[in-house]
Amino acid sequence: MDISSPFSVRFALPKGRFLAPTSELLQGGGVAFDEYTSKTRQYRVASSRFGYLSGKILQEKDISVHVSVGNYDIGICGVDWVRELKSRYPATSLVEISPLPYKEGSVYLATSAYSDLHSIDGVLNSPRTLNVVSEYPNITTRLVAEMRLRRFRVFPVWGAADAYPPESADLVVMWARNERDLIAQGLVPLRKLFDVNAVLVANADSLATKNMSEVLACFDGLLGSPRVSSFRGTEQDVQQPSAALAPWQSREIRMALPDGHQKTPATELLERAGLDVPGYAGRTAERRLLAALDWLAVKVIRPQDMPLQVASGHFDIAVTGQDWLTEHLCAFPGSPVVEMLDLGFGRVRVVAALSEDIPVDTTEDLRDYVASGRIRPLKVASEYTNIADRYLRDNHIGYYKVMPTYGASEAFLPDDADLLVDNTQTGKTLVENRLKIIEVILRSSACLVANVESLKDESKRQKIEQLSALLAGAVE
Amino acid sequence: MTSENVLQHQKCRGMRDLLPSDMVRFRRVETAFREGCVAYGYEEVKPPTIEYLSLFTALGTLTPGMVGRVYSFLDWDGWSGERVVLRPDSTIPVARLYVENLSPRAPVRLSYVTNSFVFEQTGEKTRERWQCGAEFIGGASVVAEVEILQLARDVISRLGFDGANLQMCHAGLLKALIEELELPADEREVLVETVLDGDWKDLFARVRSVGDRKRYLLPLIEVQGRSAGYLENIRSLSSDSGESFKKALDQFIEVATLLDELELEYEIDITAVRTFEYYTGICFQFLSPTGDKIGGGGRYDDLIPQMGGPDLSACGFALYVDQLMGMIKEQAAVGRFVAVVCDESSPQVVRRTLEVAGAIRTVGGAAAVGICRGPEFTEMYRWVVRILPEDLERVEVLDTETNERTVCSIADAVGRLMS
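Keeping their order, the protein sequence lines are chains A and B. If you're matching positions, the first sequence starts at 431 in the numbering used here and goes up one per residue. If you're matching positions, the second sequence starts at 455 in the numbering used here and goes up one per residue.
Hint data in this document are derived by calculation from the structure and do not stem from the laboratory. Please read these numbers as outputs of a predicted model, since none were measured by experiment. Heads up, some of the hints might be wrong.
To be verified - Quick list of simulated restraints, FRET-style, between CB atoms:
1. A:552 x B:573: 43 to 49 Å
2. A:551 x B:678: 37 to 43 Å
3. B:463 x A:804: 15 to 21 Å
Virtual Cβ for every residue (Gly too), placed ideally from N, Cα, C.
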């Protein structure tokens with residue numbers, strides 16, 4: 431059969447945990463994405479066998495979303511992200527064609543080894559409102575409904591979910607390689623929810639209308655589930671809370687410090703301020719730390735999650751970015767979290783950018799361009815969905831859809847989205863991707879935020895102000 | 455901008471526009487319901503559209519299947535992690551409203567006209583549903599059930615539908631029946647949930663498999679009874695059943711006996727009636743002659759105390775407005791009575807036009823105004839009053855039935871229209 435252009439098939443390929451086995455599988459099947467290897471540094475790859483087949487390397491979390499909206503015809507990702515999408519949107523156009531014969535870890539419901547909830551029964555009979563933290567908020571919301579939890583709050587997080595229990599959450603729904611890994615992180619697995627195997631997924635419409643048989647035929651004989659691993663309902667020895675966590679828990683002020691890119695500049699700031707937090711610097715994975723100040727407890731989490739966590743009272747203060755604070759306040763304007771101090775480092779601009787090929791140079795141009803009907807709807811990719819939404823709304827952009835992304839958003843333009851709302855330091859990556867900035871929405875740097883209620887407590891306020899003064903003296 | 459570039463706006467999937475002809479029927483249902491409620495002493499309330507999700511999960515009052523289909527989201531206060539919902543049901547919010555505001559006053563009879571929201575996957579059925587509901591909180595057993603059944607019937611007959619069929623079941627008996635199957639706890643829970651979600655196949659299969667040992671179960675799900683005698687027959691076969699089964703059956707017989715006495719016809723069909731998890735006793739539903747469900751209700755004795763209110767039993771029902779509207783024949787919209795028109799738009803003439811319309815409205819009439827409008831506007835009205843620019847003290851009155859035109863003073867015109 432002759433398949434000629436403009437016919438095209440777009441394949442979304444996973445980075446991270448499934449990159450190596452997927453690369454091996456596709457080579458074995460003859461899909462021939464020759465550049466799709468662990469060493470690749472590009473987003474886009476071509477098939478040397480099928481001229482009409484192109485691939486893009488994305489976060490797994492993005493793959494399920496973008497295949498379902500039809501930006502890609504086929505994709506491979508972990509079944510956890512398929513379930514995360516389908517738990518909330520059962521009518522989605524994402525079709526699971528088949529599991530693939532490799533898996534990596536499982537998703538668990540777990541609690542802290544130091545929690546008073548030692549079993550599923552303990553969870554079900556708890557009279558408290560249970561806080562559940564997860565990178566999978568939809569799976570979690572569905573799970574707690576099915577378990578018939580009576581009172582619960584689900585806190586979505588970008589990462590570091592294991593750091594939350596027991597102080598900042600009662601339960602966590604998270605991915606781990608195995609139960610041993612969970613236990614090593616001070617957690618007790620209560621239930622294994624499912625194994626995370628890779629799945630071949632497709633867009634329903636593409637499957638219904640496009641002849642992708644040559645590509646799908648490559649998978650013939652390669653499909654099938656991996657062996658299911660067993661779950662030994664861990665009868666963990668329950669440790670006494672007083673033992674290990676008491677020194678941390680008894681401290682009056684709880685502060686969140688960032689992991690990832692912001693860790694190095696944050697470490698330098700703390701050093702200049704003479705604020706000693708042993709164990710924070712360097713590559714250690716320890717998330718619960720004791721500062722030299724004997725009333726200060728520190729936890730290391732993602733800056734994205736801090737405004738929500740401070741608002742909820744799980745932390746008194748945090749070092750986050752103004753971008754994430756703004757993102758949070760766009761969604762929840764009445765949230766009890768305030769900026770106390772601009773810390774000066776981690777400067778970025780949150781910008782609106784689009785392809786150099788589109789004759790639009792300003793936001794006003796964009797409004798007219800969308801109003802003229804040449805783009806309808808305007809597809810917007812952003813890590814900051816609430817900031818993007820506010821920018822578009824305030825500028826009267828007529829008809830748009832915001833798609834959440836989880837990093838490397840510039841990869842989505844121009845094929846999958848028309849406009850990007852993302853942060854940039856130098857603008858270099860944007861130029862490399864042939865994108866131009868049409869508006870600087872926000873200038874952001876790292877900042878110290880505090881919970882409003884904590885500031886009303888006289889004793890806490892004094893200590894927070896002392897910290898703030900120390901840090902203020904160290905801002906460059 | 456060319457017309458093809460104009461954005462076509464559509465209503466949200468699963469939502470419904472109520473047009474003037476729909477609203478005439480909607481108001482008929484509502485009026486019949488309100489009149490019935492006034493006659494039976496039910497006071498009207500209106501709970502808010504948005505409630506906390508925990509209201510519905512905390513008491514275990516909705517099955518996971520239902521919870522999975524509510525419109526829930528984080529609103530502007532969502533930083534606390536507290537989700538809110540567009541109410542998926544009205545009985546629970548009204549029970550909350552009672553406990554929060556009116557308790558411990560009892561008995562209390564409440565009525566409401568509300569919408570509720572349930573996600574329906576295909577988008578073909580409407581996801582916003584209207585209902586007229588009544589709740590009788592703190593009423594004595596049996597008499598209360600009969601009162602709400604009578605009220606529901608009364609409203610249905612005020613609407614002119616006399617052929618509605620009443621089907622009855624008993625939530626306690628249904629739960630006891632499932633207990634009689636002696637399943638392991640987890641299997642029993644799953645079975646209860648599938649039944650509550652309206653799927654009966656599993657229950658039938660299970661009952662058949664124990665048919666020999668429990669002779670009283672099969673006739674209960676396979677035979678539709680029409681009198682208290684049917685339930686008495688079941689009782690005579692069930693001497694070795696459990697206590698909760700016997701107790702529920704006795705309650706059911708008590709209500710059925712009173713309905714027999716009142717010569718109210720009904721059908722007992724334990725597997726036809728949609729029940730909710732909060733129901734504890736009698737449940738019922740009304741079917742139109744063509745078999746559409748037009749209303750339902752039941753007894754829920756645990757809901758008020760579980761919410762922290764006094765230990766009061768309660769029962770209630772709701773009529774499904776969307777279904778009832780569909781049964782009412784098309785009717786002309788009201789209000790197109792008098793058009794007051796003028797053929798020029800000078801301030802004096804417009805002012806006089808508005809004054810004449812105002813005079814008609816003051817004496818209780820309905821008047822629409824048309825400034826410089828053609829026949830497409832005036833032909834829809836019974837009367838057309840035309841302002842005469844050359845003589846603002848007088849008007850021309852056109853009777854559109856006879857085509858007779860009269861010129862008279864404004865006072866005479868108003869008097870004639872209102873006579």
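Hint-by-hint comparison with the structure:
For the pair residue 552 of chain A and residue 573 of chain B, the beta carbons lie near 32 Å from each other, so the given range of 43 to 49 Å is not met. A hinted range of 37 to 43 Å holds for the C-beta pair residue 551 of chain A and residue 678 of chain B, which are about 41 Å apart. At about 19 Å, the beta-carbon gap between residue 463 of chain B and residue 804 of chain A stays in the expected band of 15 to 21 Å.
Violated hints amount to a single one, hint 1; each of the other numbered hints is respected by the structure.
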